[in-house]
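Combine both chains into one complex, guided by the hints.
Line by line, the protein sequences are chains W and S.
For what it's worth, our numbering labels the leading residue of the first sequence as 1, then goes sequentially.
For what it's worth, our numbering labels the leading residue of the second sequence as 1001, then goes sequentially.
Calculated from the structure, these hints are not laboratory results.
Hints should not be assumed to be uniformly reliable.
Here are the computed distance ranges between Cβ atoms for each label pair [unchecked claim]:
1) W:ARG174 / S:LYS1243: 38 to 46 Å
2) S:ASP1242 / W:TYR28: 46 to 54 Å
3) S:ALA1075 / W:LEU98: 42 to 50 Å
4) S:ASP1094 / W:VAL146: 41 to 49 Å
5) S:PRO1244 / W:LEU73: 36 to 44 Å
6) S:ASN1148 / W:LYS133: 30 to 38 Å
7) S:PRO1072 / W:TYR155: 31 to 39 Å
8) S:ASN1032 / W:SER168: 46 to 54 Å
9) W:GLU87 / S:THR1210: 42 to 50 Å
10) S:THR1060 / W:TYR61: 23 to 31 Å
11) W:LYS164 / S:PRO1072: 42 to 50 Å
Note that the structure is a prediction, hence the values are computed from the model and not measured.
Backbone N, C-alpha and C fix where the C-beta goes; we use that ideal spot for every residue, glycine too.
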Amino acid sequence: MRQIYILLCFFIIKSLNAQYSIGVFSGYTNNHLHTNISNRLLTENKNGNSFSTGLIFKYAYKNKIQLLTELDLLQKNYSFVRKGIYEGISANYRNTYLQLPVIIEYKLLQNSQWELWFDVGFFVSYWVDRNIKGVISNVFDSYYAVDAIGVVTNYLRFTNYSQKYSFSHLKDNRFEAGPLVGITPMYQINNKYSFFVNTRFYLSIISQQKNYSISQIMQYNQTIVISAGCMFNFL
Amino acid sequence: MQNIFLKNKLINVLFFLFIFSSCKKVALPINNEIPKTFCDMFEQFWNKMNINYIYWDIDTTNWNRIYLKYKPVFAKLDLNNAADLKKSVSFFKDMTKSMVDGHYYISFMQNAIIDSFVYPAYDKKKNLYGFHSPYAFYKVDTGYLDANYQLGVENTYSYGGQPLTVLYGTIQHNILFFSCNYFSLSKAYYSTTANKIQPVLNSFFNALNTANNKIKGLIIDVRSNYGGDLSDLNFLIGRLIDKPLLFGYTQYKIGNGRYDYSAWVPAYINPPKNTKQLNIPIIVLADNVSASLAEATVMAVKAFPNSVFVGETTFGATGPIVSNNNLYNDGSFTIPDFMSVQTSSAKFKYIDGKIYEGKGISPDYYVAFNLSALQNATDKQLEKAIDLLK
Chain W
1 MRQIYILLCF
11 FIIKSLNAQY
21 SIGVFSGYTN
31 NHLHTNISNR
41 LLTENKNGNS
51 FSTGLIFKYA
61 YKNKIQLLTE
71 LDLLQKNYSF
81 VRKGIYEGIS
91 ANYRNTYLQL
101 PVIIEYKLLQ
111 NSQWELWFDV
121 GFFVSYWVDR
131 NIKGVISNVF
141 DSYYAVDAIG
151 VVTNYLRFTN
161 YSQKYSFSHL
171 KDNRFEAGPL
181 VGITPMYQIN
191 NKYSFFVNTR
201 FYLSIISQQK
211 NYSISQIMQY
221 NQTIVISAGC
231 MFNFL
Chain S
1001 MQNIFLKNKL
1011 INVLFFLFIF
1021 SSCKKVALPI
1031 NNEIPKTFCD
1041 MFEQFWNKMN
1051 INYIYWDIDT
1061 TNWNRIYLKY
1071 KPVFAKLDLN
1081 NAADLKKSVS
1091 FFKDMTKSMV
1101 DGHYYISFMQ
1111 NAIIDSFVYP
1121 AYDKKKNLYG
1131 FHSPYAFYKV
1141 DTGYLDANYQ
1151 LGVENTYSYG
1161 GQPLTVLYGT
1171 IQHNILFFSC
1181 NYFSLSKAYY
1191 STTANKIQPV
1201 LNSFFNALNT
1211 ANNKIKGLII
1221 DVRSNYGGDL
1231 SDLNFLIGRL
1241 IDKPLLFGYT
1251 QYKIGNGRYD
1261 YSAWVPAYIN
1271 PPKNTKQLNI
1281 PIIVLADNVS
1291 ASLAEATVMA
1301 VKAFPNSVFV
1311 GETTFGATGP
1321 IVSNNNLYND
1331 GSFTIPDFMS
1341 VQTSSAKFKY
1351 IDGKIYEGKG
1361 ISPDYYVAFN
1371 LSALQNATDK
1381 QLEKAIDLLK
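The following block holds chain S by itself, in its conformation from the complex (with noise of 0.2 Å):
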């Protein structure tokens, strides 16, 4: 047999070069090297982008054609030059400016530019007619409630320098009204160290479970609710079901390529154990600034049979982001000792079958935000869901 393979020069030729096209390497364009030239890094950047980028299929942004146009423009930079530094900040948001992720938003670790970022969904956001700030409505909403309410104010869970707070109370008694301005509920009710959480989350629940005939409906308020953990959404929102509850799905990337995704998969909130499906309608408030787990938490509610949502479009962050990029080998990455990038981990679709990544859930009753009215003391989305419950 050696013989014959010796003596038939070709097969031996055809036979080498196929060993050698089938271990030919296929290239990776990325690497996790810290970058020595803008020219590396915007090719980190560009490469990072357009793996681990879960709204390809979706975004109107040309991604070949930001290449094309900006290689050049960082190829003239210089790293180690804080005013081509500044400009680079200009670049990215350019590049960037017509994502569709609401949650996307790049922090700078150089020194010349650690105060710079880059928050498209807030740049087309703030100059739209009737975007607000984030406000504090429970300064308003305890002259509504009755007499036994309950605040709770704890610094121990911060964020964007804001103290967890939340509310409890009734109105005219009939009425159920909570409110929290971001998402740590959990963090704090379990934690050993006592906090003025706690007292006000114990006497939700306990309203929640004694609810009789003579309570009309919850208001759930998450205005101006950046959203937070997401065990929350089985934590707040489970407590009002007795069975797993769908409220859209999710897609995740499976692969290098642009589009490589899974299926739409499920996406559901898991009661915790012992709690029974409450009956009452269910009103959620919600405003301009109200993103992420915030806007989950309307969909949720939005998914039960006897609830509404009255406020403003929420801010279209929907998509979830996980804290373990590498679970999915998706979502946000960095680039060493320059950046960091957070971008969705997963897409997320309502039951209705639409993505509002971008554009926000419109509300079943839109009441604008009115900065004059609650600085007199009057809250006129609280008072349309009041009325809604009458």
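Just chain W, with the same shape it has in the complex (with noise of 0.2 Å):
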């Protein structure tokens, strides 16, 4: 945390000098949870779907060099959804993350007002929200038929819930970090504004579950984030 706070100090006293500008943009996150499920049978973990929104900082340090940062509320989400015979069954995830990323950008390509940067960095997180939302099926929510031999079978309900999740201190890992690759296709409308549309992609190093356990099954998240904003650039 220390070196980006550093990095963060760096980027402000150089913009008082140099062309920097901020921006906001918003958009929308695809994550998918990087763990093994392979135990649990006909059960798939499937990637969910999100917003992303936030503020972004950037200070133009060459021709073809920039350095940005950004404040981002983030969701990353996840389910596992039961297949075959237990369809039906599923567990949603649904996580709030506040992320700061600090990033390079080195342009690729300028063709007239249109720009193409590669973005590269890294970012830390803080999970601040989960809700769990799922459907069980429920042992002590049956009923019984009988077929026509004399059979009897016990039928379980479905039981939907939602969980306001309280973080555990023994299990949960509330900080996440790692690298961060992407690319940025920019307009630039005029001297003042750009319009911008990037895909990034965030791959953490740090799993979602302390390691309270031997042979602890990690749980990481990798996140897509397609975002579409605007910069407004001080001269």
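This is the structure we're talking about:
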């Protein structure tokens, strides 16, 4: 964290003397929980879609290189969905993060007002909130049916639940961090305003769960964020 | 565009590093292979317990410490040596001795130890003061019933070598009494093959339907009842209600982490069709070997507004077990060719918000098991129930 603060301070100080800009963006997130659930029969680990929004602070270091940081609010969702004879059972995890990426942008192309930038950097995130919505086959909400030859079958009903999650200091790793890469096409409307669309891939190298157990099965968020926004340049 | 990426080697390196990192597989520490060594077997057992066991949040066993202590111990054992196999049973007993799960039970498949078992809840209880073996109370209780009582003993539905035994009758013509030694009632009742259970249940259900103001109460006796089929909860207790009865909550594992739980979801008894609410006092009798579905029956009866529990603290195996382990991807599991581990599929907490697993439910009126009185045809627990209904 200390390094991030130092970098931020560096940007702010430098921006007093050079070209800097601020912007806003919002977009779409697609998150994959990188883990192993192959032991869980007929269970699919499904990516979750959600939103991202935030502020951008950019410093133009050289013609081809820009440094930027953001303050993002985004969701990294995923779900475990049962298939086949267990279809209908699911657990949907909605995770809200506050994220601070630090990025170096390298200009790959320029064509008139169009620019294409390659983004590389790292990020830290803080897990702000979690909600788990699910459907479970309830062992104590059942009914039985009797067939023509007198065989009794017990059928379990599905129960929906929505759980406002309380974080556990024992289990949950609320900070995550990792590298990111991306690509940003940008259109310079004029000297002051520009519009961009970017696609980034955030790869957490810190598991969502603490290493509280021997042979712990780790869980890493891998998030694609596609966002659009505009920048205001201070000259 | 291609030229630009080719020119920028750093970008290529970063990109491929990224792809490599994101594709790297997360290891899964379990498999379903037949273990070749005690080391393999221990790893499978420890990890399957780590993933499947439902009580990690309330269990006091330090499972990581167990791993560090026993991994080198099992590494010294030879899976093909009968003496080592026997030694392993004592190690399993020691590893699991403080497990809170009342259903926890290990059976073995290897010939040298096929008669051995690990049953920590029983080992803990058997040395407690007042703990007793199951008792056939019906032999004494028929003496309290009016002459037209009905006893059904059916060997077709047996458990642990004991035939299914149900008893229905009235006491002093104004108290209904029903007992069963385990739960396979709905199976017997709906069987197309006539059996000795069906007429007893028919008489009991008719009595419930026609219960009038003269009836002072109902006694349901699940003493020395180990539990049984889950469907019997609706089949029996469902006949005392006309709408679903909330009696607790269940929680399940929904991930591979030790503490990956679902929310608590409500547990209901659902009435079969055309039942009516029984508005008379109900007393449930249970003892310290009443377990599993018998304890669910106790808790369900206690959820009635006008009910009392008489007897002893129950066994403490309140978490349900489903026969299909794949339904929740938790609970019971096997290690091929070596062992079968029975453990609860879900956690249960009563409507008071407390989990009674490993502790048992305490009676409202404690009356100790009294063998000498029973041998003299006196059932002190039943007498207390009758006194309370007078």
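Hints, verified against the model:
Between ARG174 (chain W) and LYS1243 (chain S) the beta carbons are some 43 Å apart, a value that agrees with the proposed interval 38 to 46 Å. A hinted range of 46 to 54 Å holds for the C-beta pair ASP1242 (chain S) and TYR28 (chain W), which are about 50 Å apart. Look at ALA1075 (chain S) against LEU98 (chain W): about 46 Å separates their beta carbons, and that is inside 42 to 50 Å. Taken as a hint, the range 41 to 49 Å holds for the pair ASP1094 (chain S) and VAL146 (chain W), whose Cβ atoms sit roughly 46 Å apart.
For the pair PRO1244 (chain S) and LEU73 (chain W), the beta carbons lie near 42 Å from each other, so the given range of 36 to 44 Å is met. Roughly 55 Å separates the CB atoms of ASN1148 (chain S) and LYS133 (chain W), a value that falls outside the hinted 30 to 38 Å. With their beta carbons about 48 Å apart, PRO1072 (chain S) and TYR155 (chain W) fall outside the hinted range of 31 to 39 Å. Separation of ASN1032 (chain S) from SER168 (chain W) is about 30 Å and departs from the stated range, judged on CB atoms against 46 to 54 Å.
At roughly 44 Å, the beta-carbon separation of GLU87 (chain W) and THR1210 (chain S) lies within the given 42 to 50 Å, and the hint holds. For the pair THR1060 (chain S) and TYR61 (chain W), the supplied restraint of 23 to 31 Å is violated, since their beta-carbon distance comes to about 57 Å. Judged by the Cβ atoms, the range 42 to 50 Å given for LYS164 (chain W) and PRO1072 (chain S) holds: they are separated by roughly 44 Å.
The structure does not agree with the numbered hints 6, 7, 8, 10 stated previously, though it agrees with the rest.
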